[in-house]
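Peer 1: Given chain A, put chains B and C in place with the hints provided.
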Amino acid sequence: MPDGSFSHPQQRQFNPYTENGGTILAIAGADFTVIAGDTRQSEGYSIQTRYAPKVFRLTDRAVLAVNGFAADGNMFVKKVKQRLEWYRHAHAKDMPLRAIARLIQTMLYAQRFFPYYVYNILGGIEEDGSGAVYSFDPVGSYEREACRAAGAASSLVQPFLDNQIYFKNQTAAPGTSHPTHLPLPDVLSIVIDSFTSATERHIEVGDGLEMYIVLAKGRSAQSLEGMRGLQELSTRPDGDRVFVIRKELKKD
Amino acid sequence: MDISFALTGKGYVIVAADTTAARSIIKMKVDEDKIKVISPHLLMAYSGEPGDTVQFAEYVERNLRLYQIRNTHPLRPSSAASWIRGALASSLRSRKPYSVNLLVGGYDTSTYTPHLYWIDYLGTMTSVPFAAHGYGSYFALSLLDRYHDPEASLEEGLATLRRCLDEVAKRLVVSPEKYKVRVVDKDGVREIEL
Amino acid sequence: MSIMEYNGGSVIAMVGKECVAIASDLRLGNQSLGISSHFQKIFPMSDRIYLGLPGLATDVTTLKEQFRLRLNMYTIKEEREIEPETFAHLVSSTLYERRFGPYFIEPVMAGLQKTPSGAYKPFIAATDLIGCLNFAKDFVVAGTASTKLFGVAEGLWEPDLEPEDLFETCAQTLLNAVDRDAYSGWGAEVYVVTKDKVIKRTLKGRMD
Chain A
1011 MPDGSFSHPQ QRQFNPYTEN GGTILAIAGA DFTVIAGDTR QSEGYSIQTR
1061 YAPKVFRLTD RAVLAVNGFA ADGNMFVKKV KQRLEWYRHA HAKDMPLRAI
1111 ARLIQTMLYA QRFFPYYVYN ILGGIEEDGS GAVYSFDPVG SYEREACRAA
1161 GAASSLVQPF LDNQIYFKNQ TAAPGTSHPT HLPLPDVLSI VIDSFTSATE
1211 RHIEVGDGLE MYIVLAKGRS AQSLEGMRGL QELSTRPDGD RVFVIRKELK
1261 KD
Chain B
410 MDISFALTGK GYVIVAADTT AARSIIKMKV DEDKIKVISP HLLMAYSGEP
460 GDTVQFAEYV ERNLRLYQIR NTHPLRPSSA ASWIRGALAS SLRSRKPYSV
510 NLLVGGYDTS TYTPHLYWID YLGTMTSVPF AAHGYGSYFA LSLLDRYHDP
560 EASLEEGLAT LRRCLDEVAK RLVVSPEKYK VRVVDKDGVR EIEL
Chain C
66 MSIMEYNGGS VIAMVGKECV AIASDLRLGN QSLGISSHFQ KIFPMSDRIY
116 LGLPGLATDV TTLKEQFRLR LNMYTIKEER EIEPETFAHL VSSTLYERRF
166 GPYFIEPVMA GLQKTPSGAY KPFIAATDLI GCLNFAKDFV VAGTASTKLF
216 GVAEGLWEPD LEPEDLFETC AQTLLNAVDR DAYSGWGAEV YVVTKDKVIK
266 RTLKGRMD
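Same order as they appear, the protein sequences are chains A, B and C. Quick note on numbering: our numbering labels position 125 of the first sequence as 1135, and the sequence is numbered without any gaps. Quick note on numbering: our numbering labels position 89 of the second sequence as 498, and the sequence is numbered without any gaps. Quick note on numbering: our numbering labels position 129 of the third sequence as 194, and the sequence is numbered without any gaps.
The shape of chain A in the complex, shown without the other chains (with noise of 0.2 Å):
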């Protein structure tokens, strides 16, 4: 209208959610667990960096991955930091996984009507030295499990885990069983194989590949030496150990 007011209701909308691609992929093995995710972030056909890591330590014996909105993401991997170095400061000692793993569910279900936009993976070592994961939807419901994948390719690359983690539809030969846990070496070629794979037939998933090994304490790190781009994270060398290897993927 003349006046400047408007002749029919208007609607404005501000949308605070992205999506911003990418996928995570956690494998436990029997003392060890395997956290990856690729280092593309995008937003619809656009690219915004080819190195955008989604994969964090958390401690000497916890990996977090976080998937999904990354502006969301990133917020929450400080906060659940800001958490764990308030345990420590009160504590004198790092929080166990399970621990973490229950306090990231409180944090998700806080906000459980505005949500973080994320999927969560949690990696690492228990208090009994055994590899663990544990995945989380957005609003914190969650799951321990041998292995996980989410994000953008997880339709993709869980099959592919259900086949070759858990041995799905696949029967043992006569007398035989299949193993509960497989050595590091095959769980790394897993990993690759499945992030090589997203990166061939999904546009979001690519550029780089960042893979966080948490080893439990007293487990050698034999296998992992000379290995390509390998960088030791872990604070003392006689506790957990977590180690990160990165890796390149096609940027196509």
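Since the hints were made in silico from the structure, they are not lab data. Incorrect hints may have been included.
Unchecked claim - Quick list of in silico lysine to aspartate or glutamate cross-link-like pairs, DMTMM-like style, CA-CA up to 20 Å:
1) K1089(A) <-> D1070(A)
2) K265(C) <-> E233(C)
3) K1260(A) <-> E223(C)
4) K82(C) <-> D225(C)
5) K1178(A) <-> E233(C)
6) K1178(A) <-> D244(C)
7) K1178(A) <-> D230(C)
8) K1178(A) <-> D273(C)
9) K202(C) <-> E1095(A)
10) K1178(A) <-> D225(C)
11) K505(B) <-> D461(B)
12) K186(C) <-> D244(C)
13) K269(C) <-> D461(B)
What the hints assert, rightly or not - Residues from chain C that keep clear of chain A, each with C-beta distances beyond 12 Å, as calculated:
14) Y139
15) K179
16) E233
17) Q237
All C-beta atoms, glycine included, are put in the ideal place defined by N, C-alpha and C.
Peer 2: Same frame as chain A, now just chains B and C:
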């Protein structure tokens, strides 16, 4: 919404359909026959859009009768079902498609085998050991998964049908009170009082 | 509610060494309600060509009949059997004929193509619902579990698999993909086409 069931057994097909004709929340009629006897060894239970159902059933009936007159032999169940499916499939992409779901049961007098076809208004057809249309399917299919036996005698088959009808009577809010039940076997078609 | 997901179902085809494989699930459903666990989606078009038709079930039957007719017409006119590549174009043009009122099917085909030297070359192809052809060198997928099929196939497939290994790869890919898809599954079947025989196997799968 109409409810219909059908199951095969040793040398027979049982077809059952409820007998209510409803408009909105009103029962207009409680003795409507919704199973058409198409030929001496062929039955068709129909349900769906009122009007379309009878129109389509009669269209099928007359065309299959015409085939029988021209060729002296009636179409065998599989061919008849294929023709009916074709009619629905071409109707689907016409200006005014028929909304009719069917269960076609027949006894093949050349191979001495019973046949049952599940057909929906889109022209989807599949040969099945047992079938249902309408809300009844949500109750009956799981029961039939458990109790159906392709080698069962007619008495056992009817007992299995009874289970389905009882379950619908027990659990469905708007369950029908009466069903018409027909059987087709080597002797042809006959009605059965449960 | 998407029309392509109304009945459910998936198909995959793979190339091997002097052989091809094509596999599908056997489910027919009405959205979440399972109707039949014997609904075939793969049909022989000649001794060496197999066609998979995932999508709307009524169109599966309609197109199967349509292709039988067109193939017979071709064979009569040409006095020879059709070659896979020609057949792929027949599929494509049949679907494109209905460009603005399509059949809701994404066909997948596999066959062995005769080369001028008399040998047989593996051939696979797929099209979208309006007939846009995709001649892949490795594998093609379609149906409600297509994303899952892509993921597993990309991980398991390798070049020059022998018939038995190709069968295993194809079967494992399909089984593991449909187990993560609510609309596909309820059993499966696999065809392996080699130059002197066709092996058909019906697989047991999860029934949930």
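Peer 1: Checking each numbered hint in turn, tell me which of them this model violates, lowest number first.
Peer 2: Violated hints: 9, 10, 12, 13, 16 and 17; rest satisfied.
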